[in-house]
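Protein chains in written order, with the numbering used here: chain A, 13 to 548; chain B, 13 to 548; chain C, 13 to 548.
Hints in this document: simulated from the structure, not taken from any laboratory.
Errors might be hidden in some of the hints.
As the list claims (entries may be wrong) - FRET-style restraints, in silico, Cβ to Cβ:
no., chain 1, residue 1, chain 2, residue 2, range
1, C, Asp284, B, Ile277, 46 to 54 Å
2, B, Ala282, C, Leu405, 25 to 33 Å
3, A, Met162, C, Lys467, 26 to 34 Å
4, C, Leu386, A, Pro243, 36 to 44 Å
5, B, Gln439, A, Leu351, 49 to 57 Å
6, A, Met162, C, Ala401, 54 to 62 Å
7, B, Asn288, A, Trp353, 43 to 51 Å
8, A, Gly274, C, Gly289, 48 to 56 Å
9, B, Trp352, C, Ala238, 34 to 42 Å
10, A, Pro243, B, Phe160, 34 to 42 Å
Stated by the list, open to error - Covered, in the sense of this in silico footprint (three residues per stretch, anywhere, with C-beta under 8 Å from a C-beta of chain A), are these stretches of chain B:
no., stretch
11, 85-93
12, 163-175
13, 357-369
14, 419-431
The beta carbon of each residue, even a glycine, is placed where N, CA and C say it ideally should be.
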Amino acid sequence: MLLRKLIPSRYQRASVPHVALTKAEKWRFGLTVFGGKILGLVAVLFLMKVLPNMLVGKAYAGDTFTAHETNIMNSINTVWTLVAAFLVFGMQAGFVMLEAGFARTRETVNVLMECILDTCLCGVLFWAIGYAFMFSHGNGFIGTHWFFLMGAPDTYEATGIPLLAHWIFQFAFADTCSTITSGAMIGRTSFRGDILYSIGVTGFIYPIIGHWAWGPDGFLALMGSAGNFLPSLGQGFRDFAGSTVVHTIGGVVSLAGAMVLGPRIGRVFARDDKKNGGLPPAHNLPLAAVGGFLLWFGWYGFNPGSSLSAMDAQGIGRIAANTTLAACTGGFGAMLAALWWGPTKGKFDLAFSINGMLAGLVAITCPCYWVSPLGAILLGFVAGFIVFAGVYLFEWFRIDDPVGAVSVHGLAGIWGTISLGFFASGQYGATGPTGADNSAPVAGLFYGGGTAVLKAQLIGNLTIVVATFAVAYTMMWVIRLLPHPWNLRVEAHGETGPGGLDAFEHGASAYNDPEAGNGVPGSVGVKDGELVLELS
Amino acid sequence: MLLRKLIPSRYQRASVPHVALTKAEKWRFGLTVFGGKILGLVAVLFLMKVLPNMLVGKAYAGDTFTAHETNIMNSINTVWTLVAAFLVFGMQAGFVMLEAGFARTRETVNVLMECILDTCLCGVLFWAIGYAFMFSHGNGFIGTHWFFLMGAPDTYEATGIPLLAHWIFQFAFADTCSTITSGAMIGRTSFRGDILYSIGVTGFIYPIIGHWAWGPDGFLALMGSAGNFLPSLGQGFRDFAGSTVVHTIGGVVSLAGAMVLGPRIGRVFARDDKKNGGLPPAHNLPLAAVGGFLLWFGWYGFNPGSSLSAMDAQGIGRIAANTTLAACTGGFGAMLAALWWGPTKGKFDLAFSINGMLAGLVAITCPCYWVSPLGAILLGFVAGFIVFAGVYLFEWFRIDDPVGAVSVHGLAGIWGTISLGFFASGQYGATGPTGADNSAPVAGLFYGGGTAVLKAQLIGNLTIVVATFAVAYTMMWVIRLLPHPWNLRVEAHGETGPGGLDAFEHGASAYNDPEAGNGVPGSVGVKDGELVLELS
Amino acid sequence: MLLRKLIPSRYQRASVPHVALTKAEKWRFGLTVFGGKILGLVAVLFLMKVLPNMLVGKAYAGDTFTAHETNIMNSINTVWTLVAAFLVFGMQAGFVMLEAGFARTRETVNVLMECILDTCLCGVLFWAIGYAFMFSHGNGFIGTHWFFLMGAPDTYEATGIPLLAHWIFQFAFADTCSTITSGAMIGRTSFRGDILYSIGVTGFIYPIIGHWAWGPDGFLALMGSAGNFLPSLGQGFRDFAGSTVVHTIGGVVSLAGAMVLGPRIGRVFARDDKKNGGLPPAHNLPLAAVGGFLLWFGWYGFNPGSSLSAMDAQGIGRIAANTTLAACTGGFGAMLAALWWGPTKGKFDLAFSINGMLAGLVAITCPCYWVSPLGAILLGFVAGFIVFAGVYLFEWFRIDDPVGAVSVHGLAGIWGTISLGFFASGQYGATGPTGADNSAPVAGLFYGGGTAVLKAQLIGNLTIVVATFAVAYTMMWVIRLLPHPWNLRVEAHGETGPGGLDAFEHGASAYNDPEAGNGVPGSVGVKDGELVLELS
């Protein structure tokens with residue numbers, strides 16, 4: 013009991029029926045259930061001989077489940093996890109819409125193509141090495157089994173859900189991290205450079221650093237327990253759905269990329285030209301806004317699904333409500349900040365509101381299980397202001413982040429991780445495949461828990477920020493040294509030439525209306541090198 | 013039994029295991045189950061003494077469930093409710109696409125921003141007061157507990173699902189109502205005016221009037237039973253998923269707003285100019301059409317999810333099929349109406365077809381549980397014609413409804429509610445957390461049930477229409493008297509000035525292509541105040 | 013046991029509790045469970061007399077389930093099937109985006125409208141006759157019961173799920189097939205011609221030919237078993253989720269339509285003009301790319317949902333993972349092919365990458381249950397190259413397929429169906445409502461299974477390809493002979509006139525910006541017949 017209290021984990025690892033049962037035990041269970049049902053004296057007498065003291069060892073362990081019950085619970089949890097995985101994958105549609113919408117027209121095809129490539133790469137890499145590095149047993153720093161999923165068991169650890177269901181859920185997470193990365197690098201990254209760094213992020217950086225926090229023996233996961241990292245701390249690092257693991261890593265890699273790349277050619281920063289400087293306007297705001305809503309929609313897979321359990325009904329209901337409220341107040345916070353201090357002071361800014369909602373979602377991702385609705389409201393509201401300040405900060409540092417990815421995912425991810433140390437409500441402990449275990453609830457500073465959780469969160473997040481930045485910056489810097497076309501940055505004429513990056517890298521443009529001269533009233537086009545406007 | 017027959021309800025309130033069990037009973041159940049499993053003679057003898065006649069009182073009550081079974085069923089129902097809630101939230105993406113697509117370019121950013129603001133407002137208000145007004149106990153007119161969700165139980169009433177899961181499902185409904193409201197007010201509402209009326213709708217009008225029909229003690233819900241409103245009627249008001257509560261309220265508020273606002277400047281009505289009058293064309297039909305499909309997709313959360321129970325498998329299957337069929341025939345109906353009598357007579361009109369599908373969906377929302385597939389087909393078909401007629405009607409009355417919200421949600425909602433009185437098939441009663449209870453089936457006029465259900469539906473819907481219109485019109489009228497910028501209607505120069513409402517209220521335009529002169533062939537833009545067309 | 017081995021089926025038809033239990037048995041079960049719970053001596057003694065040897069017959073049958081367990085499992089499976097059905101329906105949003113995005117502006121409204129009409133038609137037809145032809149009992153060629161769903165049982169066959177839940181899942185499949193069909197016929201089909209052939213496809217071709225493979229007594233489903241078609245083969249035709257039934261049928265009908273129609277006016281093929289020939293560029297690539305992602309998202313309903321069972325948790329997890337991996341490598345394959353040999357050689361082509369992902373998804377649709385992740389990776393990769401080659405092939409044959417539907421759905425569907433004969437891993441047999449039955453695993457050529465499965469797949473697919481092409485070509489040819497406006501092909505002036513097909517058939521254009529002159533900076537429009545550009 014004491015031990016369990018010390019081991020921070022997203023799901024409890026004790027008394028999980030499916031894994032705990034050997035085949036022999038299952039058979040005995042089944043027989044017992046049957047016995048319990050026929051209840052005839054013959055059966056009772058028969059069983060009395062066949063199964064003497066069979067369950068004595070478990071008699072006082074609280075709950076035991078029949079094989080049927082276990083199968084049913086595993087199926088419910090699998091449905092939950094798979095539906096959540098599908099929703100998380102659906103976020104890709106949201107991401108491409110958001111990123112393409114915020115981009116300039118000339119780099120839109122490139123954004124779309126990168127997102128498709130990253131997804132395809134991620135699937136293959138996460139099958140070959142990523143999942144192995146991240147979720148297999150090994151040491152505190154890296155998993156060392158299950159490459160190409162070979163030798164992996166049928167179900168993942170103590171969750172009771174099929175390993176392949178866990179794989180696709182985690183693939184969708186890895187893909188999210190990978191897509192976030194491309195955000196701040198839009199518009200000047202060469203496509204072959206994108207392939208190289210994507211391999212680095214999806215195949216190595218995300219899964220290996222992720223192992224520290226989410227691996228079965230990750231050193232940050234086990235931190236604070238006897239015999240592990242910082243045993244005196246008494247608290248492990250907690251990240252329920254990935255404010256740090258997915259969003260901070262993605263945001264920090266994106267920052268490293270943007271720094272190594274430098275800004276897009278012709279980009280004028282606000283401090284250099286008060287009148288005309290600043291981020292170019294979104295080329296398609298409806299696309300971006302719909303993308304924001306689809307991301308929110310997909311987040312309902314991201315956070316509630318991270319329980320990997322629907323038997324913890326109270327837990328998943330709470331996560332869903334908290335996720336909603338933080339998104340709402342995040343949107344509010346950024347809207348108010350932009351209203352009071354933004355470039356369109358006195359007006360309600362759409363782009364900031366979208367990013368504010370996302371910042372609220374990023375922030376609640378870590379603490380969603382352990383805070384109350386009020387906590388979610390407050391920490392989401394703060395995230396909205398953070399994303400506003402972040403966009404100004406990076407603009408001031410002359411870092412060109414076309415979609416605000418570093419602020420939304422990086423900064424709000426850091427804040428969300430730390431916020432658990434303040435807002436954990438002291439009521440909730442760990443989720444698990446048969447229900448919640450609240451015997452060791454997590455309490456933050458504002459709820460009488462002292463600074464222990466806060467310290468653990470700071471240490472965990474800081475470790476990951478520093479490690480990610482160091483590795484990612486080095487990787488980006490190396491790719492920046494390669495000869496074209498493998499250099500990280502596209503040739504200048506590829507960026508500024510006719511048709512922009514889209515024409516140079518993909519031989520296409522996002523929108524094509526070859527209709528002019530064909531009779532569409534009002535359409536404008538080019539025909540034989542001349543402007544054509546159809547009037548009839 | 014008689015009593016249950018008289019109490020109309022979306023879910024039965026009897027024999028719900030989770031709630032019915034006290035802690036002591038649960039413990040006893042657990043022990044009994046465990047006892048059933050060890051089945052050793054010692055245990056049997058022990059239990060024989062400890063639990064004499066423990067369950068005698070329930071022996072003939074029909075079905076009893078073990079604590080494990082209850083937990084499992086609650087988890088299935090929670091998964092169902094949450095997934096449905098996510099789908100309903102996903103409708104927001106559909107709504108912004110539909111409304112923005114149908115709008116003119118110059119008011120597109122405003123549509124997007126209103127939808128975001130409404131959602132953020134709704135989350136906070138529904139947490140603070142909305143859910144309390146609507147779903148807590150109080151009196152027939154208003155709920156008086158659970159403000160800020162304080163003091164609320166873990167599970168909602170007899171549903172067995174976590175209160176926070178119920179909250180997020182109902183939040184998504186409230187958000188839908190709020191978004192509908194903005195439809196007929198597009199293009200001339202000031203943003204601060206929008207904030208004010210949204211607070212009124214989401215915080216007060218929707219939850220308080222909704223309480224009448226869906227609250228645990230709402231007077232329309234209890235109507236027809238002894239000691240309540242109109243006891244002689246013998247039927248309560250039924251609205252399974254909200255044709256009245258969500259759609260009629262949303263549509264009627266929208267109508268009140270459009271009437272108080274007046275039309276957009278420059279809007280010419282069809283009766284005033286046969287040649288050029290009529291609704292301005294949709295600025296982006298692909299956006300609107302995709303939005304229509306996403307709304308249909310999300311409706312599968314709206315209607316089937318309103319069972320709050322997956323244990324009623326037949327019920328949710330039937331609802332899903334009925335929802336599909338009504339949408340299909342609604343689309344057909346409006347398509348045919350427009351083909352025969354529409355502005356593009358002889359052609360197949362896309363905008364009417366989209367709105368027809370939505371009208372079918374709105375109409376089936378109330379009766380989805382109680383009608384047969386044939387009933388769904390017929391009532392959806394009628395809804396398609398109603399939405400066509402409604403658009404003409406409001407155009408004739410010179411009411412400017414840019415997206416047809418009043419016809420789609422208001423009129424089809426009224427029709428759908430009443431249609432139950434005709435089409436209820438006399439087979440289905442009430443849903444519930446452990447399955448359906450068809451002991452008191454609902455029968456409409458066409459199925460031998462007489463006019464009782466029809467009367468109840470007419471009384472319930474009419475009560476809500478009148479009350480909503482009176483309150484909403486008053487509210488809009490008051491906001492219309494406020495000084496700018498809080499006045500409901502934006503200043504004239506904000507509507508007609510450069511960049512339209514989007515520039516005035518949000519300092520942005522929906523589409524920006526600053527690329528001209530940068531090499532995108534065929535792109536047209538403005539550079540240094542001159543027309544630039546890139547030819548190369 | 014032997015028989016079951018011989019009957020290929022998507023789900024096992026034995027030992028399904030819900031159907032197997034008579035009312036009397038259920039009552040006995042319920043009583044027994046209750047008995048097992050009260051466990052008091054009185055009850056024990058009572059039961060000893062009332063239920064002597066009640067369950068002896070089932071004692072050694074392996075697994076028996078209580079009525080509660082059966083209800084719960086049916087509910088889980090129903091939730092799974094319904095959520096999957098919703099996702100499959102959501103693919104419609106993806107399809108309209110993909111098809112409209114790939115089309116030219118002037119035919120965009122037509123694409124949207126066809127998709128809406130097809131969906132509405134499909135709902136009504138599948139209710140009236142389609143479901144009856146396809147899924148009711150009859151003979152090997154056609155189902156002959158359940159027209160208008162009359163006389164249909166509450167649950168579908170041995171699945172334990174409500175018939176109406178099965179109906180909506182299968183409706184969504186039929187709708188997919190119908191939408192695929194329109195792909196290669198974009199831009200020159202008359203709308204009334206579309207209505208006619210859609211009735212043929214949705215009401216007759218798809219359900220009747222589909223019956224052969226998926227009907228309870230379809231001759232391809234029963235092929236290889238004693239007394240049925242080709243008994244010596246020893247293997248039936250397997251198509252888990254429809255590479256043949258949905259995609260090959262859709263693709264082949266589309267090909268027949270494109271051949272009968274001929275190309276769009278003005279379409280220059282690559283072989284006729286090396287410089288300017290080839291497919292016109294997509295008018296809106298962001299729309300197409302987002303559509304591709306939404307289709308992938310919806311495919312998670314298509315494939316995993318086809319188990320109709322969540323109790324087979326391993327199965328649905330495996331399907332979801334396989335679906336993901338094939339999509340990833342399909343995208344890769346087409347991307348590489350286009351990089352090496354495509355029209356934009358040396359560049360990364362977005363349109364081919366999107367179609368490659370889809371080809372991977374189409375290919376894995378048949379074998380998703382029976383192959384390993386490695387198999388999925390390989391067969392998806394091949395599909396990517398196939399779609400690339402197919403687009404070239406049909407271009408060379410001067411067949412105008414604006415979105416590549418024939419290659420994506422037709423060719424990749426054929427490949428996917430056959431690939432099972434190579435890649436079936438010899439581990440997995442049949443899914444079922446209570447779990448998997450792997451007692452008769454399916455093994456392909458590469459996994460030591462010989463050529464039996466390969467032969468069965470070839471025979472099944474070829475039969476359906478030939479039959480579909482013959483019927484569809486005849487149907488299209490007949491409609492092509494009808495007088496206008498019912499002729500399959502629109503009048504020439506409808507295609508080339510002002511506003512194109514959209515104006516001619518629907519009186520609308522996809523994008524309308526009547527803002528010019530109203531102050532939107534940079535907007536270009538037509539006012540009083542003159543070009544207007546707003547500069548201020």
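Item to complete: Can you let me know if the beta-carbon spacing of Gly274(A) and Gly289(C) is within 48 to 56 Å?
Response: With a Cβ separation near 41 Å, Gly274(A) and Gly289(C) fall outside 48 to 56 Å, so the hint is violated.
Discussion item. A range of 36 to 44 Å was offered for this pair. Does it hold for the Cβ distance of Leu386(C) and Pro243(A)?
Written reply: holds (42 Å)
Fill in: Outcome of range test on Cβ distance (Met162(A), Ala401(C); 54 to 62 Å)
violated (32 Å)
Worksheet entry | Three-residue Cβ test at 8 Å for the coverage of the stretch 85-93 of chain B by chain A | holds (count 5)
Worksheet item: So does Trp352(B) sit 34 to 42 Å from Ala238(C), Cβ to Cβ?
Response: The hint (34 to 42 Å, Cβ to Cβ) is violated, given that Trp352(B) and Ala238(C) are roughly 57 Å apart.
Fill in: Check of the stretch 163-175 of chain B against chain A for coverage (Cβ-Cβ below 8 Å, three residues minimum)
The restraint on the stretch 163-175 of chain B holds, since 4 of its residues have a Cβ under 8 Å from chain A and three suffice.
Worksheet item: Taking the beta carbons of Gln439(B) and Leu351(A), is their distance inside 49 to 57 Å?
Response: Taking Cβ atoms as reference, Gln439(B) and Leu351(A) lie about 55 Å apart, which means the hint holds.
Practice prompt. Establish whether the coverage given for the stretch 357-369 of chain B by chain A is satisfied; the threshold is a Cβ-Cβ distance below 8 Å, and no fewer than three residues must meet it.
Written response: Three-residue rule not met by the stretch 357-369 of chain B, so violated; n is 0.
Item to complete: Using the beta carbons of Met162(A) and Lys467(C), state whether their distance is inside 26 to 34 Å or not.
Response: At roughly 31 Å between Cβ atoms, Lys467(C) and Met162(A) fall inside 26 to 34 Å, so the hint holds.
Worksheet item: Checking C-beta pairs, does the stretch 419-431 of chain B have three or more residues closer than 8 Å to chain A?
Response: violated (count 0)
Item to complete: Hint says 25 to 33 Å; check whether the CB-CB distance for Ala282(B) and Leu405(C) agrees.
Response: Because 51 Å falls outside the window, the suggested range is violated.
Worksheet entry | Pairwise beta carbon distance, Asp284(C) to Ile277(B), judged against the given window 46 to 54 Å | For Asp284(C) and Ile277(B) the Cβ distance comes to about 53 Å; the hint holds.
The structure shown violates the earlier hints numbered 2, 6, 8, 9, 13 and 14.
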